[in-house]
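Colleague: Now for the letters of each chain:
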Amino acid sequence: MSEIIVGLAVFISLLIAASFYRIFAGPTLYDRLLGVGAIGTHAVLLLALFGFMFSRLSGFLDLAITYAILNFVGVVAIAKFLDLDTADRREEAEAAAGMTAAVTPGESGPDGEKGP
Amino acid sequence: MTPLDWIAVVFLAGGAFFLVVSTVGLLRLPDFFSRAHAVGKSETLGSFLLLVGLALHHGFVLESGKLLLVTLFIAATNPTGIHALTRAALRAGEDIWVQPKDRRRKAESSGAPTSGTPPGEVAGGTPGGSP
Numbered sequence: 001m002s003e004i005i006v007g008l009a010v011f012i013s014l015l016i017a018a019s020f021y022r023i024f025a026g027p028t029l030y031d032r033l034l035g036v037g038a039i040g041t042h043a044v045l046l047l048a049l050f051g052f053m054f055s056r057l058s059g060f061l062d063l064a065i066t067y068a069i070l071n072f073v074g075v076v077a078i079a080k081f082l083d084l085d086t087a088d089r090r091e092e093a094e095a096a097a098g099m100t101a102a103v104t105p106g107e108s109g110p111d112g113e114k115g116p
Numbered sequence: 001m002t003p004l005d006w007i008a009v010v011f012l013a014g015g016a017f018f019l020v021v022s023t024v025g026l027l028r029l030p031d032f033f034s035r036a037h038a039v040g041k042s043e044t045l046g047s048f049l050l051l052v053g054l055a056l057h058h059g060f061v062l063e064s065g066k067l068l069l070v071t072l073f074i075a076a077t078n079p080t081g082i083h084a085l086t087r088a089a090l091r092a093g094e095d096i097w098v099q100p101k102d103r104r105r106k107a108e109s110s111g112a113p114t115s116g117t118p119p120g121e122v123a124g125g126t127p128g129g130s131p
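These protein sequence lines map, in sequence, to chains A and B.
Each residue of the first sequence is one higher than the one before, counting from 1 in the working numbering.
Each residue of the second sequence is one higher than the one before, counting from 1 in the working numbering.
Because the hints were derived from the structure by calculation, they are not lab data.
Please note: incorrect hints may appear among the correct ones.
Unchecked claim - Over 10 Å on every C-beta distance to chain A, these chain B residues come out as not near it, computed from the model:
1. I7
2. A89
3. R103
What the hints assert, rightly or not - Simulated DEER-style distance windows between Cβ atoms:
4. R90/A x T2/B: 54 to 64 Å
5. Y21/A x T2/B: 22 to 32 Å
6. D95/B x E3/A: 39 to 49 Å
7. A25/A x W6/B: 37 to 47 Å
8. R28/B x V6/A: 22 to 32 Å
9. R104/B x M53/A: 49 to 59 Å
10. V10/B x V6/A: 16 to 26 Å
11. G59/B x L84/A: 39 to 49 Å
12. G59/B x R90/A: 49 to 59 Å
13. S58/A x G93/B: 42 to 52 Å
14. D88/A x H37/B: 46 to 56 Å
As the list claims (entries may be wrong) - Here are some chain B residues pointing at chain A (derived, C-beta under 10 Å):
15. D31
16. E43
17. I96
These figures come from a predicted structure and were not determined experimentally.
For each residue, glycine too, the CB sits at the ideal point set by N, CA and C.
So here's chain B without its partners, still in its complex pose (with noise of 0.2 Å):
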């Protein structure tokens, strides 16, 4: 194996971990938020990793700048789709995830209405245009 391959392998090596990551992180995080933070992230480094070292392992020719390609082509459209997914499910509705302690205290501020926080104070909080 010449020295680009012991390259290319720590590549592989690190696009198979982040892999693993996001599969992970597809399958056992709480909500669909945060699992779709583990796909659009970890995924996107991990094919990044893994056509990167392909493309060493090939050397300089034709086909690794088509590997390149597709590698540029990934890192952009993967998080694209991945956020328009989340837009849509942010805007109908779907719940997030909290920690249980915050949902605790969340349940006990909503259950005495009076005692909330004043209204100026979510209203000035809540545009918050002024630099």
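Excised from the complex, chain A in its bound form (with noise of 0.2 Å):
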């Protein structure tokens, strides 16, 4: 059985290396937050199965949860932020919209092509 759990843990090291591809090689800043925290749950699983490779279960187990709550407030922070940075550019958008069309209020309107 610790066979099982040593080769288990080599598996998942090597899914790790595989998934910084994602990190290095992803097209937008999306691709490497995912991998960051597809990263992040194998790192959880890893520490779990290090807990039963050193026979340290307990205190192990207390690194795995502590670094599971660490991620998963990581990744929601970062998407807030850019959510935020999102709505902060669709306000913008908006704004300057709005300013143009009080600029030239008579023109662009339905009503100016129909009057003549």
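Hints given; two lone chains; assemble the complex.
Modeller: Following this line, the structure appears as structure tokens:
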């Protein structure tokens, strides 16, 4: 059984190494963040397996719980921050559109075309 | 190996399989949303099976309760975090991948602007509040 657990730890390490490709080569920022979140979840599993390998399960499980909480809070905080950035940009675009509409009110409306 | 260990091995094998599925999806799928779907579902199920398998192997002691706590925490937070990320990407206007034939059809329909769907159909379809 301990060979199976060591094999699983090596296997999850290989999956983490493969997931780094998405962080380095991801076309968008969101792809990179997705890779970071996936590696965090894999690291929690790796910590649980380390607890079995080194016969200190209780301590390593505390580390795993802490790492899971930090991973979740980090990903949600960065997603919320990017969302706030998007909302700011949308607000600025709407303000700019409203300003141009206020500068030329008579020419761009449908009534101005129907008049003559 | 006890019979409980054999059940644990089955759970560990299932967890390893779904973790491989999630990583292959993360590396190979075409756009961000499909990759997020692969990671959000397969990885949650894989971690669930692997941690439950470890708890079964360990037996009914206090550390198994802690393992189940980690399991429940990951099952609750991993899809939530990826949902927040996907929502941010959707609101930021990230491109959504479509099949190549649907992409061509979409380009054709947008190339002829007057022959599109009537506006009443679109306006009636979008709110869709009536049961």
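Colleague: Now tell me, hint by hint, if it's right for this structure.
Modeller: Hints, verified against the model:
1. I7: holds, 12 Å
2. A89: violated, 4 Å
3. R103: holds, 18 Å
4. R90/A x T2/B: 54 to 64 Å: holds, 60 Å
5. Y21/A x T2/B: 22 to 32 Å: violated, 40 Å
6. D95/B x E3/A: 39 to 49 Å: Distance hint for D95/B, E3/A holds at roughly 46 Å.
7. A25/A x W6/B: 37 to 47 Å: Given a distance of about 41 Å, which is inside 37 to 47 Å, the answer is holds.
8. R28/B x V6/A: 22 to 32 Å: About 28 Å separates the Cβ atoms of R28/B and V6/A, which means 22 to 32 Å holds.
9. R104/B x M53/A: 49 to 59 Å: For R104/B and M53/A the Cβ distance comes to about 54 Å; the hint holds.
10. V10/B x V6/A: 16 to 26 Å: Because 19 Å falls inside the window, the suggested range holds.
11. G59/B x L84/A: 39 to 49 Å: holds, 47 Å
12. G59/B x R90/A: 49 to 59 Å: holds, 55 Å
13. S58/A x G93/B: 42 to 52 Å: holds, 47 Å
14. D88/A x H37/B: 46 to 56 Å: Given range 46 to 56 Å: violated, Cβ gap about 28 Å.
15. D31: holds, 9 Å
16. E43: holds, 6 Å
17. I96: violated, 12 Å
In summary, the numbered hints that this structure violates are 2, 5, 14 and 17.
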